[in-house]
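**Student:** The residues making up each chain are set out below.
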Amino acid sequence: MTGLPERTEKKLGLVIDLDTCVGCHACVTACKGWNDQGYGAPLSDQNPYGADPSGTFLNRVHSYAVQPTDTAAQIINFPRSCLHCEDAPCVTVCPTGASYKRAEDGIVLVNEAACIGCGLCAWACPYGARELDQAAGVMKKCTLCVDRIYNEALPEADREPACVRTCPTGARHFGDFADPESKVSRLTAEREGFALMPEMGTRPVNRYLPPRKKDRPEEASLLAPLLDIKATGLAGWLDRVLGKI
Amino acid sequence: MGQPKVETSPKVSDEVRKTTCYMCACRCGINVHLTSGKVTYIEGNRDHPVNKGVLCAKGASGIMQVTAPSRLRAPLRRVGPRGSGAFEEISWDEALATAVAWLKPLREEAPEKLAFFTGRDQSQSFTGWWAQQFGTPNYAAHGGFCSVNMAAAGTYTIGGAFWEFGQPDWAHTKLFVLFGVAEDHDSNPIKIGIGKLKARGAKVVGVNPVRTGYNAVADEWVGITPGTDGLLILSLIHCLLEAGKIDLDYLARWTNAPLLVNAAEGPEKGLILKNAESQPFVIDKRTGMPAPWDGAGVQPDLGAVWQGHRTVFQHMAERYLSADYAPEAVADRCGVPAGRIRALAAELARVAFDEAFELPVAWTDFRGDRHESMTGRPVSFHAMRGISAHSNGFQTARALHLLQILLGTVEVPGGYRLKPPYPKPVEAHPTPHFVAAPGKPLSGPHLGYVRGPENLAIKEDGTPWRIDKGFTWENPFSAHGLMHMVIPNAHAGDPYKVDTLFLYMANMSWNSSMNSARVMEMLTDKDASGEYVIPRIIYSDAYASEMVAYADLILPDTTYLERYDCISLLDRPISEPDAAGDAIRWPVVEADRDVRGFQSVLLDLGVRLGLPGITNPDGTAKFKDYADYMVNHIRRPGVGPLIGFRGVDGQAEGRGDPNPDQLARYIENGGFYQAHVPDGAAYMKPWNMAYQEWAVATSFYETPQPYLFSIWSEPMRKFQLAAEGHGFLQPPDHLRARLKVAMDPLPVWYPPFGEAAAEGYPVHAITQRPMAMYHSWGSQNAWLRQIHGKNYLYLPTKIWEAEGFAEGDYARVTSPTGEIVVPVAHMAALNPDTVWTWNAIGKRRGAWALDAGAPEANQGFLLNHLISELLPGEGRVSNSDPVTGQAAWFDLRVRVERVGPQERAEPAFEVLPRVVPKGRARV
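Top to bottom, those sequences are chains A and B.
With the first letter of the first sequence counted as 1, position 28 gets the number 28 in UniProt numbering; the numbers rise by one all the way through.
With the first letter of the second sequence counted as 1, position 407 gets the number 407 in UniProt numbering; the numbers rise by one all the way through.
No lab work stands behind these hints: they were computed from the structure.
Please read all numbers here as calculations on a predicted model, not as lab measurements.
Check each hint, because a few of them may be wrong.
Chain B is nowhere near these chain A residues, computed Cβ spacing over 10 Å in every case [claimed, not checked]: (1) Ala51; (2) Ala171; (3) Asp215.
Footprint (simulated), chain B over chain A, 3 or more residues, beta carbon under 8 Å [stated by the list, open to error]: (4) 25–34; (5) 60–69.
Distance condition first, Cα-Cα at most 20 Å in a straight line; then the derived SDA-like pairs of lysine to any residue [unchecked claim]: (6) B:Lys11 x A:Lys214; (7) B:Lys918 x A:Gln46; (8) B:Lys285 x B:Gly308; (9) B:Lys798 x A:Ala72; (10) B:Lys5 x A:Arg7; (11) A:Lys10 x B:Gly339; (12) B:Lys11 x A:Ile149; (13) B:Lys5 x A:Leu187; (14) B:Lys5 x A:Ala103; (15) B:Lys11 x A:Asn151; (16) B:Lys622 x B:Ile667; (17) B:Lys174 x A:Leu222; (18) B:Lys174 x A:Arg216; (19) A:Lys214 x B:Lys5; (20) B:Lys5 x A:Ala73; (21) B:Lys203 x A:Leu222; (22) B:Lys5 x A:Arg216; (23) B:Lys790 x A:His62; (24) A:Lys213 x A:Ala73; (25) B:Lys52 x A:Ala157.
We put the beta carbon where it would ideally sit given N, CA and C, even for glycine.
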C-alpha cells in the first residue's frame, strides 16, 4: 500500500469543455506522440498493421448518444484520461509504491522503475484511466506532461500538456485548481464544472464543463409579414418594402 | 517516504524544422522535431496562420506516415496481368524512358491521347501548367468528385467560395449556421473558429442529417433530409422577404439587384439590359433616369421599371414570395417542421438586423463614395459537401449565397469574409482552354469559368474536346473537371479512346470512384485484339494504395516530410481574410528509398519530352528540380509561384524578380509568408478601393476588379436561352429540358436526379470522413486505424426498430444498381430517413501493407458499390450536377434489410498481391 500526501501545494489538472469538444481525437494522438518519446517507456502498439491492432494510449475520446425526452438526440464527445484524484485509489492500492501522487503539484505518476506491472491500480481506478503497456510491462497513465509543464527547454507558451496545446477547439484547459483565480478555477465556477463520478469518493482534480442546453430555440417572436401579400400582390409588397429605405 | 526525482526539463530534440502538413487539405504549419536525424515528434506551429499552433489527430500522427510500411520503395513496372500486382523494380532511368516512349508519340500525333488527372494534388498550378505544355486538354484534379459545386456557385455568385476560400468573421459573428459539414473541410480553421464562438457563448446552428462532430456541439440541430437544403434555404428567404427583413441598402449598392432584366421577347430576354456602350445600368432614384451602375453618388432604385424591364430585385422577390416556398409547403419534404423554419428565419433576421453594429473604419468604394464606417451584421454561414454533392448542389450553394446576400452579411464585419486572392469576379478568371494540336502546347489553362455557350469545350462536330466531357452541355460550368468520369469514358471510348492514363494520388480503383467494382473491370478489360481497352496507365503515389495494382508503371513519390512543395497563390493558397499567404514544404528528412518527389519527376519528364517552358532551346533543363521551379518559374512578369521575399534583395512582395535565396527565407520564416491586407481594406473588399489597389500591387490581378454580387446569373441565363432555342450554339435535344431547369439564373430547387428510378428505395444513404481521417491519404496510419479501423452503417431509430435490428447485425443494402452487406449500428441523432457511414475506412485486402485480416478489409466497406457513375435512362449521362459535373455522391437511395450477424462485409474482393511487404511492427 502506498500513502497519499495529506495535501498538495498545487492541484494541477485539466478542465475539459464538453460543450465544445467536437470529438476530433487531436488530443489522443498529440498525447500519444509526445508520450511515445517522453516520460518513461514508449507507448507501444501491438499488431499496428495487423488484424487486431491495439496500443497504449493515455487519453482516449468516446462518443455517447444522449436521448433527451423533449428534444432531439445528441452526441456527447467525452475525452477520458487520468483525473489526478486527491484520494487516488490507484495509489493506495499499489503494492510497491510505484504509483504516487506528487506532493508539490498533485500529479499522479507511475515510477516505472518500481512498477511490477501487476495491474492492481488499473483495477482500482474507476475511470479506466490506466493502461498496461504490453511491450514494457509497466503501467502507463497521463502524466499531465510533467516533462513539458516545467520544461525549461521549451518556450514558456509550450509549457502545458500536449493535449491542451494541440486542441483545435480550445476545449481543454490546464492549470492549478488550488488557485481560485486560475483559469481552470474560474471556468469551473462560471460553467458549473463537475467532477466525474463523485460518488466514488476519489475526489478527482480534473473537471468537465457540461454541454450547454441544446435545441431550445429562444422564444423569438416569429417574423410578422409586412402585409397580406396575397391581397396586395407584389406591387403592394414592393411599395411597403422600398418605402422603408 | 521520498518521492522519486523526475526529470522535468528533458531535452526535447536536437532540432526543430518547420514545414507544412500534408495529412489533409488544411496545410497547417508543423514543427518537426528531429533527434539523431529521425523524426521524433510533430506539433503545430504557433506562428502559422492556418492552425496557430494547434494540430489535428492526423497531423499529430504524421510520424506514422513517414515510417508507414506501405511506402513504395522504387519504380515498378508491371510484369503480370493488370490487377495481378505482379511488378518488377526498375531504375528511374528505365521508368522515365518508358514513360517518354509512351508519351512522346502522343504529343507529336495526338496530345489528347494523354489523360493526366491528379487527385489530392496540392500543386495544381504546376501540374496543370505541365499538362498545358504537353498540349493535352485532358487535365484536372479531384475537385470534380469533391466539391466543385461549392467553388463554382460561390464564384458565380459572390466571387469567392466557402471551401477554404473564406471564413466567418470569427471575432464578431454571433450566429453561425453550418450546412452539410459535420467533420470535414476545412478542418482546423473551422474547429478553431467554433472554439472561439463557444468560448464567448455565440450560437452555432448545424443543418445536417447527421449529428456528429461540429453538429454534435451545435446549439441547435436541424436534421434535414439529404438533398433538400436548397428548398429549406429558399423557404428561409421566403420568410425574410415576406417580413421585409432584408438589407435593401446592401442590395442596392453591392449586388446586381437594381440592374434591369431584359423583358423583350427574343434572344436577349432575361439578360441584363445594357446601354449603347454595352454597360449594364441602373435607374437612379434621384432622377428616375438611367445612370451608370458604377457612377459616383448614384442611388440605384430596386423598384424601378424602365420601358417594361424590371429589376433583378423584383424578379427575385416575385419568385421567392410565392407560396411554393412557404415553410408549410416545404416542411415535409425537408423533414423540418414549418415552425422550426420560421423560427430560424426569425433568428437570422434578429441577429442580422437587431444586433447590427458599426465598425468605425472609414473607406471609399469603387464609385468614389466615402463611408465613415462599416456596418456589421453578425450572422455567418459555412457549407461544404453535404449540400454540394447532390445533382442540385450548385443551385443549393447559390441559394445559400443569396441568403447571405439578402441579410447583407457577405464581406461585412460579423459576416462571411473572403480570403485573398478572393474576392475575384468570374470576369477575372480565365475561360477554359482545350484546343489540342500535335506537338503544340495548349494556349492557356485547362480549367476556367465559362461565360456562355461560346466558351464550351465542344468541337465543330458537336463532340467534346475533353475525355471527361468537361465544359459541355452536360455540365457547362465544370470548373474542376470530372475526374470520376475519366475511366468510364475512356473505357467506353466516349467521346474517344485515350492511350495513356496518367494519375497522381488518386485511388480510382477504390474509394474515389463511383461503382468501384465496375471500374476495376474497366481497368483490366481487353478489346478484341487482346489489348487493354485503356492501353497504358502510369500512376504516382507514395503508398501501396488500391490503385497501384492497376497501373503499368509506378513512379513512387516521397512522403510529405521528404519533399519540396509549393502552396501557391496561383492555385490554392493558405490566405486568411486579413492576409494573403503561401507556404512551402521542404525535405526535413531525406528519403531512405529510391523515390522522388512527383513534381521533380514531372519536370524531368518534361525535359525528356522537350516541353516548352520546361526545356531550354538547347534541350537542357530550365529547372534543376521542383525547388528550382518554385523560385525561378515566371508565370507573368514579376509573378511566380511564391509571393514572399521576391526581388534580388528579398524585399519585394507579390511582384518582383526571382530571389535565389527565397526558399531559405521561407524556411527561416517557418515555411510560410503572409502579405497583410492594409488597414481599412479588411472588409467590403469587392468594392473597397483600398483593397482593390493592394490586390493589384500584390499581383492578384492587373487592374482593380470591383464588381456586383450576382443574384441574377447572366452566364446561366445564356445557357437557358440556348436551351430555349436561341442562338447558333444549341444543346442536344435530350439535354434541353434539364438545362432549362438547372441553368435558372435565379437560385432554384429541384429534386435530386434519379428520384423516379429510386422509387422503392426510400432511404437516403450518405457518407462523411471522420475528422481523424478527413481528406487523408493515411487511413492505414498505425495510430489512426486504432481510432477508426472499422465502419458501420449507422441506422436511425425508425429503421432500427422497424426492421428489428440488434447489436452485431449486418444489413443488406440495395440501391437501384448495386448491393452490399455490411455491419450496422444504431444512431438516434440522425435524420429518420437517412443512413450513413464513414467513407474510405474500407480497404481492399492486401492493400496499404495491412494484414489480409485487417478489419478495414473485412468488416470495413464502401458505399461506392451502390452508386452508379451514370444516370438511369438512355445514353451515357454522368451521375453529376448538371451545372458543374460534381459527382452526385449523396443522391444515393437505398433499401435496408436485416440479415443478422455475418463474418464479413460483401462484396469481398480477392486479396491484392502485395507490392510492398506486409507491415509488422512499428518502425
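**Student:** So, against the hints stated earlier in the document, which numbers end up violated here?
**Tutor:** 1, 2, 3, 6, 11, 13, 16, 19, 20, 22
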